[in-house]
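Participant: Residues per chain, in single letters:
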Amino acid sequence: MAKRFGERIRELRKAKGLGQRALAQMIGVSHTYVSKIENEKLDFGDYPSEDLIRKIAKALEADEHELLTLAQKIPEEIKKKVLEHPEVFRKLAQLDDETLKKLLKDLEDG
Amino acid sequence: MTKQRLKYLKNEAIEDVTAQRIREYESKTGVTIAFPVPIEVIVEQVLGLDFDWDVIQEQPGEQILGGLDVANRKILLNEAHSDLFEQKPGLLRSTIGHEAGHWELDVDRSKASHPLLPGCDPGSCMANRHASKSDRLIEVLFTKAMGDERAYRVYKQLTAGQDAPEVRSAVDRYQSALLMPKWLIQAAQQRYEFTRWSDLYRLTEEAQVNITNLTIRLQRLGLIYLREGDKTIYRSEDEFTGQRTLF
Numbered sequence: 001m002a003k004r005f006g007e008r009i010r011e012l013r014k015a016k017g018l019g020q021r022a023l024a025q026m027i028g029v030s031h032t033y034v035s036k037i038e039n040e041k042l043d044f045g046d047y048p049s050e051d052l053i054r055k056i057a058k059a060l061e062a063d064e065h066e067l068l069t070l071a072q073k074i075p076e077e078i079k080k081k082v083l084e085h086p087e088v089f090r091k092l093a094q095l096d097d098e099t100l101k102k103l104l105k106d107l108e109d110g
Numbered sequence: 001m002t003k004q005r006l007k008y009l010k011n012e013a014i015e016d017v018t019a020q021r022i023r024e025y026e027s028k029t030g031v032t033i034a035f036p037v038p039i040e041v042i043v044e045q046v047l048g049l050d051f052d053w054d055v056i057q058e059q060p061g062e063q064i065l066g067g068l069d070v071a072n073r074k075i076l077l078n079e080a081h082s083d084l085f086e087q088k089p090g091l092l093r094s095t096i097g098h099e100a101g102h103w104e105l106d107v108d109r110s111k112a113s114h115p116l117l118p119g120c121d122p123g124s125c126m127a128n129r130h131a132s133k134s135d136r137l138i139e140v141l142f143t144k145a146m147g148d149e150r151a152y153r154v155y156k157q158l159t160a161g162q163d164a165p166e167v168r169s170a171v172d173r174y175q176s177a178l179l180m181p182k183w184l185i186q187a188a189q190q191r192y193e194f195t196r197w198s199d200l201y202r203l204t205e206e207a208q209v210n211i212t213n214l215t216i217r218l219q220r221l222g223l224i225y226l227r228e229g230d231k232t233i234y235r236s237e238d239e240f241t242g243q244r245t246l247f
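Residue numbers (this note's numbering), protein chains in the order written: chain A, 1 to 110; chain B, 1 to 247.
Worth flagging that the hints you see were computed from the coordinates, not collected in a lab. The structure displayed is predicted, hence computed values, not measured ones. One thing to keep in mind: the hints can contain errors.
Said to hold, decoys possible - Listed below are the simulated PhoX-like cross-link pairs for lysine-lysine, each with C-alpha atoms no more than 20 Å apart in a straight line:
1) Lys182/B / Lys10/B
2) Lys16/A / Lys182/B
3) Lys73/A / Lys3/A
4) Lys16/A / Lys55/A
5) Lys36/A / Lys3/A
6) Lys28/B / Lys14/A
What the hints assert, rightly or not - Reference listing, derived: stretches of chain B covered by chain A, where coverage requires no fewer than 3 residues with Cβ under 8 Å from a Cβ of chain A:
7) 44-53
8) 230-237
Glycine included, every Cβ here is placed at the ideal spot set by N, Cα and C.
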């Protein structure tokens with residue numbers, strides 16, 4: 001099962017040996033806010049803004065796309081591609097999971 | 001077998017267990033600790049506890065700074081006092097240390113499959129309080145006020161005539177030993193004159209602890225002697241007695 005967003009942030013932060021306070025300083029928020037992100041208890045919305053997620057990814061040297069996806073946000077560059085080629089994504093959306101996995105494997109294998 | 005009361009847990013045992021936790025952290029991270037002791041990271045990486053914030057219900061006259069959510073292995077900090085914590089980072093650190101001590105020394109971890117230290121008596125100073133946002137019961141300590149002067153006054157009123165300084169709660173001794181390890185204090189003695197308040201305040205900034213916590217720790221280590229109502233810092237009780245004899 002995919003990790004939850006807050007849980008993944010906590011895991012990445014700990015792997016870097018950072019406390020909540022240290023991460024908070026790096027991304028310009030309070031340590032209570034970091035705690036709320038990790039415990040998924042933000043007062044407004046389920047996840048932080050896309051900008052903040054990018055800052056977190058940078059501070060933790062993490063995969064920005066992974067974090068954005070966990071936060072159920074579509075990265076800007078992917079949004080742009082969807083809008084540029086809607087027919088491709090419409091077709092992709094019709095495929096079942098198995099076919100999508102096979103397609104991904106074929107793409108990765110080149 | 002009769003269990004010892006928690007407050008009688010020897011200072012040496014507490015010094016040993018906090019030193020052990022610091023060594024574990026150092027060996028895990030390859031970092032030698034210095035002031036300020038990275039208590040948050042030690043608690044997370046060595047004790048395996050996480051942090052959470054919530055509003056903790058308080059009874060009249062109480063100041064509950066934090067509690068322990070044993071089942072979820074979380075230290076819960078009282079969001080109602082987040083401004084106070086912001087103004088006094090030392091208070092936040094001592095609260096974290098208290099909860100860590102509570103976890104390590106006296107909580108009933110049969111719930112969490114973790115053994116207690118020998119000689120500990122769970123339940124001697126705990127109560128359950130409600131955390132409103134997450135709607136759960138947490139364990140809180142009555143003795144966590146030791147690191148904060150305002151809370152300390154409330155604590156003194158509530159417990160007047162009870163513990164003598166040397167038998168104050170084990171968790172308080174735990175937090176102060178973790179935040180101010182003996183060897184770092186001894187090293188600081190080379191740089192600071194402990195009988196000068198200005199030096200002690202400089203040390204509080206370096207160690208990120210509050211002044212009450214520091215002076216209690218220095219007294220426990222026998223490095224200073226303070227008398228109630230007297231601002232003079234003596235090196236020892238003997239020094240005070242000697243001075244009194246002179247006049």
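Participant: Hint by hint, say whether it matches the structure.
Facilitator: Each hint tested on the structure:
1. Proximity of Lys182/B to Lys10/B is assessed by CA-CA distance (about 15 Å); at most 20 Å being required, the pair is judged to hold.
2. Distance check on the hinted pair: Lys16/A and Lys182/B sit about 28 Å apart at the alpha-carbon level, beyond 20 Å; violated.
3. At most 20 Å may separate the alpha-carbon atoms for a hinted pair to count; Lys73/A and Lys3/A meet this at roughly 15 Å.
4. Between the alpha carbons of Lys16/A and Lys55/A the distance comes to roughly 15 Å, so the proposed pair stays at or under 20 Å and holds.
5. The hinted pair formed by Lys36/A and Lys3/A meets the criterion: a straight-line CA distance of about 17 Å does not exceed 20 Å.
6. Restraint check for Lys28/B and Lys14/A: satisfied, since their Cα atoms lie roughly 12 Å apart, inside the 20 Å limit.
7. Counting residues of the stretch 44-53 of chain B whose beta carbon lies closer than 8 Å to any beta carbon of chain A gives 6, which meets the minimum of three for the stated coverage.
8. By the rule of at least three residues with a Cβ nearer than 8 Å to a Cβ of chain A, the coverage given for the stretch 230-237 of chain B is violated, with 0 such residues.
The structure is inconsistent with the numbered hints 2 and 8, although it conforms to all the rest.
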